[in-house]
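Sequences listed follow chains R and F, in order.
Residue numbering for the first sequence follows the working numbering, starting at 1 and increasing by one per position.
Residue numbering for the second sequence follows the working numbering, starting at 1001 and increasing by one per position.
Keep in mind that the hints were calculated from the coordinates and are not lab data.
Backbone N, C-alpha and C fix where the C-beta goes; we use that ideal spot for every residue, glycine too.
Please note that the accuracy of each hint is not assured.
In silico contact screen, one side only, chain F against chain R (beta carbon under 7 Å); selected entries [what the hints assert, rightly or not]:
1) Ala1067
2) Asp1071
3) Pro1134
4) Asp1146
5) Ile1149
6) Gly1150
7) Asn1291
8) Gln1294
9) Val1308
10) Thr1357
There are 2 protein chains.
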Amino acid sequence: MGERIRSVVLLGFGTVGSCVARILTERSDLSEYFRLTHIFNRNFEGKRVDWASKSIVWTGKIDAVFASKPDVVIELVGEVNSAGTWIRRALLLGIDVITANKALLASKAPELLCLAAKHNAQLSFEAAVGGGIPIIRGIREGLAGDTIIGVVGILNGTCNYVLSRMAATGESMDLVLNEAKKLGFAESDPTADVDGHDAVAKLVLLAGVSFNHHLPLAHIVPRSIRGVADIDFKYAQELGHTIRQLSWVQRQEDGFCTFVGPALVPLTSAFASNDGANNLITTIGTHGGRNNFQGAGAGGYPTAVAVVSDLIALLGNSQHVPEEALWNPGHITPSPPRKHYLRFVVKDRPGIVAAITSALSAEGTNINAVFQLPGYPKDQLPFVVTVEACEESALKRAVEEIGTMDFHAKTPLVLPIWS
Amino acid sequence: MGERIRSVVLLGFGTVGSCVARILTERSDLSEYFRLTHIFNRNFEGKRVDWASKSIVWTGKIDAVFASKPDVVIELVGEVNSAGTWIRRALLLGIDVITANKALLASKAPELLCLAAKHNAQLSFEAAVGGGIPIIRGIREGLAGDTIIGVVGILNGTCNYVLSRMAATGESMDLVLNEAKKLGFAESDPTADVDGHDAVAKLVLLAGVSFNHHLPLAHIVPRSIRGVADIDFKYAQELGHTIRQLSWVQRQEDGFCTFVGPALVPLTSAFASNDGANNLITTIGTHGGRNNFQGAGAGGYPTAVAVVSDLIALLGNSQHVPEEALWNPGHITPSPPRKHYLRFVVKDRPGIVAAITSALSAEGTNINAVFQLPGYPKDQLPFVVTVEACEESALKRAVEEIGTMDFHAKTPLVLPIWS
């Protein structure tokens, strides 16, 4: 096409970085557009691979990378501080940046997007949400003609692996989580995944591209999946549901309501049939209704596909960044009333159900059903109360009051029931 | 942004066209980029609406439209001949074209894409496949970093409405199809939908964007869903399956294999849970694996979303059209062996099963199971034979041989079993 070949540098040669290099090496059709010139990694000597082009410079010095005046920086170092420094440095120089760094973007996207716009650079991050699912481009370009009012999804593959396997096998969370670590579906410290921080970061990015608003990270408090026990899948099944970690944002008149945590989802829903480490994201638009995007939410190659797609997109994109694409601060508002599932494990004695139901009634929450599966010991007796759609704040006060009662053998679990 | 406002003309003010005009009227954020100047429709006088801008020129004269020197032509007239003429005329003038005309594109895309490239114009057709699902952009841009090897999907909302409702209610096809016409889910003449020609056209477009090859329309022979009876859902259910119209293309070493028609799909599959007029498209990539895209496959507003998204994409796209994006001729090759479901309705007498099974054996197809649900009359006795994975040509010969036998009360039905 007579265009200049763009030089590309890769920061980080871990799982995703090496897959990106591999795809760029194999895709001969891209060689007339892009050349991978540098691979930066702290311990680069141990990382060298024989399949990569001999012309690539392997280095542990970031200054050497920038001295080469690259056209594109691909940032896959997977931590926040240095990555932030390098991304800013690149954007200030007008260098296009592609990153999968959800943690960095979730807190700094507005600043970085402004910086990019100011210096006529592109900042792309398809790989930061949903692994290989083209959801960022799907919302921002594919659904540009719609007005998105909500997004709900399974954004964390680790949680989905754990919960869908617990549902399928009846195993305990500890057992499944340990197995997930062995299989590479969970980190050795899975806190960011199971406690929901990873999903919150991704939700903030989805809200950003959907609404051009930046939700305040600190105001989205995720609920951990750690409280979910094998018994909850049995009760959920009785109710025609299973349990998944959901992340949800919806535009309201006065801001955005959000939820990140485990929830009951109908067995007939697409969420229930989303198994293993797959991600599933549903967009809700004023005109187009619901669109589902489903695929591999993680993994080296799927995530690398997202990175390389961002790279190829640079060929077609002019530097057009509409003002609306910059994110304004967003405000979190309370969620509308929703049905809930409350599971208690108690040391049985008379009057417990009465105590719980009157605490709920005192806050104006209406009980839908109380039920109990047979076959459990009296000193560890599980039972479930479902409540009709109620204000979250009222339910919270009632559950706090119930929590002070002396009959609990385990901490009560409260899950919203998704409809 | 200081850019010139682009003038847009709309050809065709039917269901989709009026929704496009409505979105462009409502989206004040787009008014700094685009202005709808002309609405062309043969009987334009009866079409005028009070919500459209007074500045829009309504006309039935195509020359008046072109005389205005538009920047973008949106073609939604819904027939092939004039649409082709007008699209060529626009592209020759370097005018960007957005169209939903799958029938035209399925036969003429290579010529029109070349014409667009030659005259530095864009030819966009997100709305031609999958209604509001951003599948064209999803494959071409979102998955640009992957190498697509196959696409399989539910591409026709009418067939899916009919088959999913037959599965749910046990009603006959005639009854459901009549109901679908009343509800607007089927045309008064549903031939193009139920006989698979609409799905073939969409498959050709998906293959085009996935592989940059143009499959020869005449060599993809669809199978009609008309032969599927209520009894088939009962037998399918016994086998853990239901029935959907599938469209499938897969890259092989020596070409592309395709299928368009009704097939048994597992009840646990995403296809089985795709109900009503929704579309579901699965892409299979070398690196990213499977991605599912699901949403409204038709309807005025969802399809209009795709059109408006194409329009907005013109802002970001430079005139870069890589050579690879032009479609080379593709060649159809036989499909690999697949399991099949064979349903017979016979006038019962001894020796029928023996005759059928020996005809199958003679062609080397192995029978997996023969089974029969109770409660049917002896002169209209349905039963099913499932055969193991076999060459389609051998099965075809066997079924032709069986078809000549004198015991049939109805034409046998042959469906592939999707795994």
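Does the structure break any of the earlier hints, and which numbers would those be? Checked against the structure, the hints that fail are numbers 1, 2, 5, 6 and 10, while the rest are satisfied.
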